[in-house]
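Taken in sequence, the protein lines are chains Z and A. Positions 0 to 351 (numbering that gives the first Met the number 0) are the ones given, in order, by the first sequence. Positions 0 to 369 (numbering that gives the first Met the number 0) are the ones given, in order, by the second sequence.
Read the hints as simulated data drawn from the structure, not as lab findings. Here the structure is a predicted model, which is why all the values come from computation and not from measurement. Warning: the hint list may mix true and false statements.
What follows is a list of derived Cβ distance ranges for each label pair [stated by the list, open to error]:
1. Z:192 <-> A:71: 51 to 61 Å
2. Z:95 <-> A:65: 51 to 61 Å
3. A:280 <-> Z:192: 23 to 33 Å
4. A:254 <-> Z:95: 32 to 42 Å
5. A:179 <-> Z:275: 38 to 48 Å
Beta carbons: idealized from backbone N, C-alpha and C, even for Gly.
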Amino acid sequence: MTINIRKATLVALAFGALAGLASGQPVPRLNDHVPGSVLIYPIYISDFTNGYASVVSVSNTNGDRRFVLPGNPPGVRGDVLAHYFWIDGTGTWNVFDNQALLTPNDTRSILSYDALNGTGNQDFETGFLVIEAVDPETQESVDFDYLIGDIILVDIAGTRTWNIEATGIKALTDELVGNPVRSNRGHAFVDRVANGGDGDGNLDFDNVEYQRWPDVLFLSSFFRQDDGANGTNNDCDVILLTDLGRDFRVNLQFLFYDRDEDETSRTGDFVCWTRADLFALANITATASFDPAGWGRINSPDAINLITGAVVADPCLMGAMVQSIIGQAGLEFGHLMHHSGINPTAAQFNLD
Amino acid sequence: MTNRKFGAALVTALALLAARASAQTVRNFPSFLEPGSVLIYPIVDSRMGIGRGTVISVANVNGSTLIDPRTGYRRGTVQVRFYYATVPNGGSGWLLTDIPELLTPNDILTVLAGDHNPQAELGWLFVLAEDPETEELIDFNYLVGDEVVVDASDNRSVHFPAMAFQAMYSQLNGPPSPLPPPPNSNYSNLGYWFTDRVANGGNANGSADFNGIEYVNMPDRVFVSSFLELSDLQAMGADLILLSTLGRDFRLTLRFLIYDNEEDQFSRTFNFTCWTRVALQDISNVVVNLNGSARPGTPVEEQQTGWMRINGDVAYNPLTRQTVLDPPFVGAIIQRVVAQPNDFEFGHLLHKTGRNAIGHNLPSTTIVNP
C-alpha cells in the first residue's frame, strides 16, 4: 500500500511536472540590441528638398559560406534576401518595397532617398521601415536571426543628427518546432503551416512565428519644454508606430511624472505612425513642473477601425523619442523607448 | 506498475522538472531597454573646463505608494547608489565614488554629473538598487535611465539609454510573500528579495554578481552594426567606448573581426584596462578604406560602411597574475562629421548576443567616498 501511494505520488509528480512544463515554457520576450529576422526602424526621413536625410544600415552577421547544392540562384548558406518595406507616414500609409541580397557578413548602407524618392516616388518623405529576412530562392520568410541595423537621421540645415538602433525581432520556428521544413540554405520557413505558421504571407508577431511586441512603453526622461523662457527652446518628439495600418485610430494613455512624483494622466491618439510633439500629442500646456525633467509611461487601451468600427483591445506599439535644444546650439538626440512585458495582443504586418 | 516503470516515471518527472528549471532560466541575458536593478551608463564626460557635460537621469517606474508601518517608507521606494568610475587622465585603472540617492515611487532624478560628483571627469557610471533600510542589494527591476553627453564647445551631443541588467530571483521565484518578513528573512520589509543573500542563491560578497543567479549574465559578444568609412580623418571620426566590469586591475584583450563593404574580413586584437574611448582607426586602419567602390560588386547607391564583431579573448591581472578567459564587456559607438558651424555627432549602444559564462561583479574594487 505504501508503495502504491508512493507510485501514485510519483505518477502525480510526473504529470505535475508535465503540466508545470507546459505552463512554465519560457515565454520568448522581446529583447533589444540583439540580432533578429525582422528589423523595425521606427523612423526614416527622406526629404532632401528640405534638407533631411537618413542613412539606413543593415548587416548580416551570418558568416556561413558553405555552398548550397541545389540552389536557385546558386549561393551559400549565409545568404539572405533583405526585403525592405517602407511605410509612408505622411498620411497615405502606402507601402513601397524593395529587396537586396546580403551575402555572408555583408553590410548595406543606403541613403533612404536613393531607395525611395530617387525612384520617382513623391511620397515617403518620412515614416517607418521594416526589413524582413526572406529566402533568396523561394522568397519566403525564414528564421534567420542574424540581422542587425541602425539608422542615422540628419537635419542638414539645422546641423543636427541622431542615430538609433533597429529593433531586432527573432523568429521562433527553430526554437519551437522540432524538425521544421527548411530552405535549401538550411533556414526554417517561418510562415509555413507545417512549421506552425498560418501561411498567410504576413508577419505574425504572435510568439509562434515571431516574438510578440512589448506591453508598455516608457519615456525614461524628457526635459522641460520652456519655449525660450531660459534662453533655450527644448523640443521633445515621440515617435510611435503600430501594426494596425491606416484604418485604425490608436488611443493612447499617458501617465507623466514630475520630479515630485506628481502624476498627470492624459489621452491622445494617432493613426499608423506619428512623430509628434510630446506635449501636444498628450494635450499638456503647463510644462513647468517637469523641471528639469520628467518621465512617462505609454499604454494603449484600444484601437478603433475608422471604417468598420471594429475595436482591437490593447494594440501593439513601438516607439522612440527625440529631443532637441534649439536656442543655444543645434543639439538633437534620441533613443528607442524603454519597454516592459509582453503584449497579450498579437501584432501582424500585412504589407502587401 | 512495476518498480522499473516506476523508476522510469521518477526519472521522467525529475528530468522534466530539471527541464522546466532550465527552461525558466533561459532569460538570464540582459534586455537593455527593460527596467532593471542595475543600470550601466557607458560614458560620463564632465570635463567642464573644455565644455563637456553629461546629464544623467534615472527613473523609478515602481508606483507602489502603500506606506510600510515598520520603516515609514512607501513600498515602491528604493535607494539607488551611483558609482562613478573615473578613469584618471584617460589612463588605466579607475577611481570609484559612490553616492546614494533615495527614489520614492514614480520618482525621477536628473543630475548634471559634474555637479552630482565633482570628482567625476571621464569614465562611466553604474547604479545599483538597494533597500533604503538596510542598504543591501535588492531585486528591484523597476529602474530605467538615460544620459545625454554634450560637447558644448563644438555643439555636439549623443544620447544613450542606460543598459539595464535585471535581477534574477523574482524572475525564477515570483515576488516574496506580502506578509511582513520574519526576522533574518531573505526579503526586505518593503517586499523585495535580497539578491546577495546566501538563502537566495547569492554569495554575500556585497557586490552585484552577473552570474545568472543574482543578476542576468553579461552578453557574450557584441557587434558594431555599422560605421561610416573614415576616408577623411579631418572631416570624420568614430570612437568606440568599451568597458569591462572586471575591475581596475584587469587588462582585457578583445578580438575584433572587421568587415568592409565587400565582406572582406580583417582580424585584429586590442587591449584596454577597465574603460576606454578609442578611435576606430587606432584599432585598425581598415576603417579608412572600406573598399566598396573599388569592385563592381557593390552597387553605386551603397554608402561606404563596414561592421564589426567583437569577442572577449582574455583578461589578465598583472598584480595577482589571475587570468580570465572570455571576459565580458559592453560598449557604445560615437560617430561624427565635422562641419560648420556645428559638427554632426551621433551614437548608439552596441548590439549583443548570447550570455557570458564569467560570473563577475560590481563594484569590483575599493570604493572612495566623496
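These are the hints, each one checked on the structure:
no.	hint	in the structure
1	Z:192 <-> A:71: 51 to 61 Å	holds (60 Å)
2	Z:95 <-> A:65: 51 to 61 Å	holds (52 Å)
3	A:280 <-> Z:192: 23 to 33 Å	violated (51 Å)
4	A:254 <-> Z:95: 32 to 42 Å	holds (40 Å)
5	A:179 <-> Z:275: 38 to 48 Å	holds (47 Å)
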